[in-house]
Amino acid sequence: MTREHNTRRDFLKRSGALLVSFSIGSATRSVSDSVTAAQPLLVPGDQLDSWIAIDENGLVTAYTGKCDLGQGLATAQTQLVAEELGVGLAQVTLIQCDTARTPDQGTTSGSQSHPTNFNNRNLAQAAATAREALIRLASQRLSVSTEQLEVQNGIVFASQEPSRQVGYGALVGGRRFELTIDLTAKRRRPDEWNVLGTDAAGLDFPALVTGQFEFVHNVRLPEMLYGAVVRPPAIGANLLNVDESSLRDLSGIVKVVVKRDFVGVIADGPWQAIQGAKQLAVSWSNGTKLPAQSDIYEQLREQPALDTLVVDSGDVDEKMIAATSTVTATYRHPYQMHGSLGTSCAVADVSTDSATVWSATQAVHPLKSTLAMMLGLSQDDVRVIFRRGSGCYGINGADTAAYDAALLSQSLHRPVRVQLSRRDEMAWENYGHAYVIDQRVGIGASGRIVAWDYEAWFPRRGGRPGRGTPGNVVTGVLAGFAPTTPTPRNPSPPPSGQFSNRSNAAPSYVAGCIDGRCGGTGTVQSERVLTHTVESPFFTGPLRSPSRLQNTFAHECLMDEVAARVGADPVAYRLDHLSDPRLREVVQAAALRANWNTRPSPRPDVKGSGIVTGRGFACALYEGDNGYCAIVADVNLDQDTGSLKVNRFTVSVDCGPISNPNGLRNQIEGGALQGMSRALLEEVTWNDEYVTSVDWRTYRSLPLGFPVPDITTVIVDRFNGKAMGAGETAITLVAAAIGNAIFDATGTRLREVPFTRDRIQSALNATRRP
Amino acid sequence: MTRFILTVNGRRQTVDVDPATPLLYVLSQDLALRGPKFGCGLSQCGACTVIADGNAVRSCVTPVSRVTDVNITTLEGLGTPDQPHPIQQAFIDEEAAQCGFCLNGVILSAKALLDRNPQATDAQIEKALSTVLCRCFAHVRMHRAIKRYAREMSK
Numbered sequence: 001m002t003r004e005h006n007t008r009r010d011f012l013k014r015s016g017a018l019l020v021s022f023s024i025g026s027a028t029r030s031v032s033d034s035v036t037a038a039q040p041l042l043v044p045g046d047q048l049d050s051w052i053a054i055d056e057n058g059l060v061t062a063y064t065g066k067c068d069l070g071q072g073l074a075t076a077q078t079q080l081v082a083e084e085l086g087v088g089l090a091q092v093t094l095i096q097c098d099t100a101r102t103p104d105q106g107t108t109s110g111s112q113s114h115p116t117n118f119n120n121r122n123l124a125q126a127a128a129t130a131r132e133a134l135i136r137l138a139s140q141r142l143s144v145s146t147e148q149l150e151v152q153n154g155i156v157f158a159s160q161e162p163s164r165q166v167g168y169g170a171l172v173g174g175r176r177f178e179l180t181i182d183l184t185a186k187r188r189r190p191d192e193w194n195v196l197g198t199d200a201a202g203l204d205f206p207a208l209v210t211g212q213f214e215f216v217h218n219v220r221l222p223e224m225l226y227g228a229v230v231r232p233p234a235i236g237a238n239l240l241n242v243d244e245s246s247l248r249d250l251s252g253i254v255k256v257v258v259k260r261d262f263v264g265v266i267a268d269g270p271w272q273a274i275q276g277a278k279q280l281a282v283s284w285s286n287g288t289k290l291p292a293q294s295d296i297y298e299q300l301r302e303q304p305a306l307d308t309l310v311v312d313s314g315d316v317d318e319k320m321i322a323a324t325s326t327v328t329a330t331y332r333h334p335y336q337m338h339g340s341l342g343t344s345c346a347v348a349d350v351s352t353d354s355a356t357v358w359s360a361t362q363a364v365h366p367l368k369s370t371l372a373m374m375l376g377l378s379q380d381d382v383r384v385i386f387r388r389g390s391g392c393y394g395i396n397g398a399d400t401a402a403y404d405a406a407l408l409s410q411s412l413h414r415p416v417r418v419q420l421s422r423r424d425e426m427a428w429e430n431y432g433h434a435y436v437i438d439q440r441v442g443i444g445a446s447g448r449i450v451a452w453d454y455e456a457w458f459p460r461r462g463g464r465p466g467r468g469t470p471g472n473v474v475t476g477v478l479a480g481f482a483p484t485t486p487t488p489r490n491p492s493p494p495p496s497g498q499f500s501n502r503s504n505a506a507p508s509y510v511a512g513c514i515d516g517r518c519g520g521t522g523t524v525q526s527e528r529v530l531t532h533t534v535e536s537p538f539f540t541g542p543l544r545s546p547s548r549l550q551n552t553f554a555h556e557c558l559m560d561e562v563a564a565r566v567g568a569d570p571v572a573y574r575l576d577h578l579s580d581p582r583l584r585e586v587v588q589a590a591a592l593r594a595n596w597n598t599r600p601s602p603r604p605d606v607k608g609s610g611i612v613t614g615r616g617f618a619c620a621l622y623e624g625d626n627g628y629c630a631i632v633a634d635v636n637l638d639q640d641t642g643s644l645k646v647n648r649f650t651v652s653v654d655c656g657p658i659s660n661p662n663g664l665r666n667q668i669e670g671g672a673l674q675g676m677s678r679a680l681l682e683e684v685t686w687n688d689e690y691v692t693s694v695d696w697r698t699y700r701s702l703p704l705g706f707p708v709p710d711i712t713t714v715i716v717d718r719f720n721g722k723a724m725g726a727g728e729t730a731i732t733l734v735a736a737a738i739g740n741a742i743f744d745a746t747g748t749r750l751r752e753v754p755f756t757r758d759r760i761q762s763a764l765n766a767t768r769r770p
Numbered sequence: 001m002t003r004f005i006l007t008v009n010g011r012r013q014t015v016d017v018d019p020a021t022p023l024l025y026v027l028s029q030d031l032a033l034r035g036p037k038f039g040c041g042l043s044q045c046g047a048c049t050v051i052a053d054g055n056a057v058r059s060c061v062t063p064v065s066r067v068t069d070v071n072i073t074t075l076e077g078l079g080t081p082d083q084p085h086p087i088q089q090a091f092i093d094e095e096a097a098q099c100g101f102c103l104n105g106v107i108l109s110a111k112a113l114l115d116r117n118p119q120a121t122d123a124q125i126e127k128a129l130s131t132v133l134c135r136c137f138a139h140v141r142m143h144r145a146i147k148r149y150a151r152e153m154s155k
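Sequence lines, in order, name chains A and B. Residue numbers for the first sequence follow my numbering, so the first one is 1 and each next one is one higher. Residue numbers for the second sequence follow my numbering, so the first one is 1 and each next one is one higher.
So that you can see chain A by itself, here it is in the shape it has in the complex (with noise of 0.2 angstroms):
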C-alpha cells in the first residue's frame, strides 16, 4: 500500500501524488479523496478557486467547509452552486470537509450553514464572482457585451443570436481563475430563482436507501487493522495496571496500546477487537464521587460560579416591589444525550510524520489542530476528512472517536478503525446542559408585564475541542491534556456592547436594552438576566438547540403561567408583549393555521378526570437572529394514567428565502419530534459513581413504531431577507408547547422536564390533593 499522506504540505512535495481513493454519494457521481493538480490547494477563504473549479468538459466542482451531517445541506449547497452558476444540479459535484481542499470554515454547527454560505460571501459570493468572470471571459470570446449574454446549463449565449455560444468548459475549463471574491459580484435574486426554492431531490438518497452510500463507518483501507477502546469504570478513575497476559488466550490480537489513562486494544477483526478490550485485565483507581442525582438541580447552585449578566435595567427590583401582583416560577431540565443510532466511528492513518484522519467530526480544521496535539506531529502533516456518520445534533464521540483510532494507528503506523460500543458512547459523551432557572415577573395595573427577572445555573466540562483543547472530550482527558471548565466570577461586570440574547437567556419578551440602545424582540423594559455558569462532573457540549432549548423551556412556559394569571389567552398575551414584527408574524400564522380559539388556559371545562385535551403554544427567535418560529401542540391525556399523546404540531417558521422547501419541511419535523422525544422521555442518569443510562433501555427514545403526531408545517418565505438557520427551531420550543398544553387541559403545571408518565401523574395527584 502506499504510505504517502497526502496532506497539503506533502503533496506540495510531490506535485500530483495519488493515493487511495474512495468513492461516496449516489451510483451517479463519485467523489475520491485524491489531490490532483487541477483542484485548489488551501486555500484562503476570499479566492475563488478555493470553492470553484470548472474543467474542461464545463463540470463544476464546488469546495465547502460545512458539511452534511444528515441535514440536508450538501444538496442545498448544491442548488445554491448551480443556481449561481446557472448550470444543472448534476454538472456539479460537492467536495465537502477536507483540510487538505475545502477552506477553513470552522465548525459546521449552531444553524450557521446558511447564514454563513447563502449569504453574501463565502461559497454563494464565489458561485457569484465565477458567473461573472465566466461571463466577461465570453464576453470577450464572442464579442457580445455582457449584458447581452446569457447563461443556461454552463452555456453562455447571446440573448439575439444563441447561436453565438460558448461553454464553461472552454472558457476557463482546467485552469484557475486567480480571482478574488467579488463581494459586489451579482447574486440571482429570488424570484430568478430556478434550482434554488425548489424541492430539490436529497442527492444522497438513491444511495442511503440501497446501503451504497459510504458512511465514515463503511471506510476501508489496505491492510486496516480494528480497534475498541476500554473506558474507565468510573468518572475520575485512573489507570493502575493493564495485564496483557489476560488477553493470550485469543486470536487476533495484534496490540494493546496505553497512554496515560488511555487504553485500547488493536486486531485483526472489528470482533476480535471487542473481545479483546472487554476480556482485557485493567486495574483502575477510584473515580471521583458524583453529585446526587436526586438534588443536582440544588447542587448546581451552590457551586462557585462564573457570573454572567445579558442584561440589566437596574430598576427590576423596584419595579417588582410596585408590581400589582408577581409570579415566580422554578423550571428544571435534566442532562441529555445526542444518543446518535450508530456509535461513534473513525479511521486513521498514521505514520511516523504524517497522520490522515476518516472522521464525521463537525470540525475537520480544528480537529486537525489538536490531533497535532495528541499525536505530536505539525498541523501541516495533519490530514482531516470528512465523512459522514450517523446524525449528530451536536458534538457525539465523533472527535474523541477520532483520537481513539489516532492513537492507536500511531502505535503500529498501520491504519486502524475505531467504533466506539454503545456503552463507551452513552457513558461519556459531551451531554447536553442540566439547567436550573427561577424565573419572576412583576404585572402592572394594567395586566402588563412591568419586569422580568430571570437567575440560571447551569454546568460545563469540556466542550468542542476547538483548536487548541483535546482534553474538552475524553479521550483528551484520558491521554492526558485538561478540559476547560468555568473559572469563577463573581460578580458579573456589567452588560455592555450590543445586546445578544445569549443563547436565549433572554427571553423574547424584554427589550433587551444596554446603554440605552435595544436589541431584544420584544418591549418590557425592566429587564434582568442572569447567568451562573459552574463545572460539571460530567463532559457538556452542545447538543442541537444547545441551552437556547432549556431557556426557551422556561421562558414560554413562564409566559403561559404569568397569561393564566391575568385571565388572558395565550397567544394574544405575546403578542401583547413582542415588539419584532417578524416573530409577530410567526406567532399568528402559526396560531392561524392551529385555529386556535382565543381564551384563557386552561380550559374552561377542565375535569380532574378521564382524557382530556388541550393546546400549547412556543415561539422564539433562535438566538437572538437565527430563525422565527412558532409552534401549537395539540394533545390528549389520561388523567387516569398520565398517558400522553401529542395529536398535532402545527409549526410556522421564517427563515429567509428558503433553499429547498421540502428539506426545510424535513428538519422541522424531525426538530419537532426529536423535541418531543427529549420533552418526554430523556434523561441522562447516574449512580455515585458512574452513569447509568448507557443503552436504549436506560435512556429512552420514541421509537419509530409509536402514533406519530400530525405535523403541519407553515413556511413563511421571506424572499428579501437574510438567509438564516432552520434546523433548531421547532425542537427549541417543544417542551413548552407541550408543557402548555397539558397545564391547558388539566390546570397542572409542569416544571421539569423530562414529562415522564409518572411525572405527569404524580403532578396531576399533587393538584388534586385538597
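To be clear, the hints were calculated from the coordinates, so they are not data collected in a lab. Treat the hints with care, since some could be wrong.
To be verified - Which residues of chain B face chain A? A few of them, derived with a C-beta cut under 8 angstroms, are:
1) 4
2) 29
3) 45
4) 54
5) 56
6) 104
7) 126
8) 136
Predicted, not measured: the structure shown is a model, and the values here were computed from it. Cβ atoms here follow ideal geometry from the backbone N, Cα and C, with glycine treated the same way.
Dock chain B against chain A, hints included.
Just chain B now, kept in the frame of chain A:
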C-alpha cells in the same frame, strides 16, 4: 475458526470465522456490505437488521453459526440506486430520512412485515417498528413511505 457457507442476497458465500461471531460482523467485515450497521450490539435499535427467510432479524446478536441454512437479505439485496426496489423507491419519493443511518433497519423491518401481511394495520406497523429507532426523527416521512409501499403492494 470455522468455515460457514452463507446465502446472502441470493449468493452463496464462504467465510472462515469464529462460530460465535455475530452475523453483523461477517456481513460488514468479511462480505464488505454497507447496509447492515452497528448501532448498539444489544438488539435495541434495529440498525443491524437483515431479513432471514422472511423474518426481520437483528444480526448484531445472531451468531453466524445459526444462519447457515437461511436466505439472508440486506439492503443491498433489494435494489440498486438505478433500479431501487419499490420500498426503496417509496423512501426516495417521500424523502424519508435525514442522516440515513437507520434506513437499513427501518426498510427491512417494514418490508418483512408487509411482505407477510400487506394489509397490516397502523397498529401492526407501529408494533413492528416499536424497537426500531431513528434519532433524526424522520418518522412522519418514514410512516408515509411505508404506507405508500403497502398501497403499491396491494394494487
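Outcome of the hint check:
1. About 14 angstroms separates the beta-carbon of residue 4(B) from the nearest beta-carbon of chain A, more than 8 angstroms, and the hint is not met.
2. The beta carbon of residue 29(B) is positioned within 8 angstroms of a beta carbon in chain A (closest approach about 6 angstroms), and the interface hint is therefore held.
3. The beta carbon of residue 45(B) comes within 6 angstroms of a beta carbon in chain A, closer than 8 angstroms, and the hint placing it at the interface holds.
4. Evaluation of the residue 54(B) hint against chain A yields a violated restraint, the C-beta minimum of about 19 angstroms exceeding 8 angstroms.
5. Against a cut-off of 8 angstroms between C-beta atoms, the interface hint on residue 56(B) is violated, since the closest Cβ of chain A lies about 12 angstroms away.
6. Because the smallest distance between the Cβ of residue 104(B) and any Cβ of chain A comes to about 6 angstroms, under 8 angstroms, the interface hint for this residue holds.
7. Here the hint on residue 126(B) is kept, as its CB sits about 4 angstroms from the closest CB of chain A, short of 8 angstroms.
8. At about 5 angstroms, the closest approach between the beta carbon of residue 136(B) and any beta carbon in chain A falls short of 8 angstroms, and the interface hint on this residue holds.
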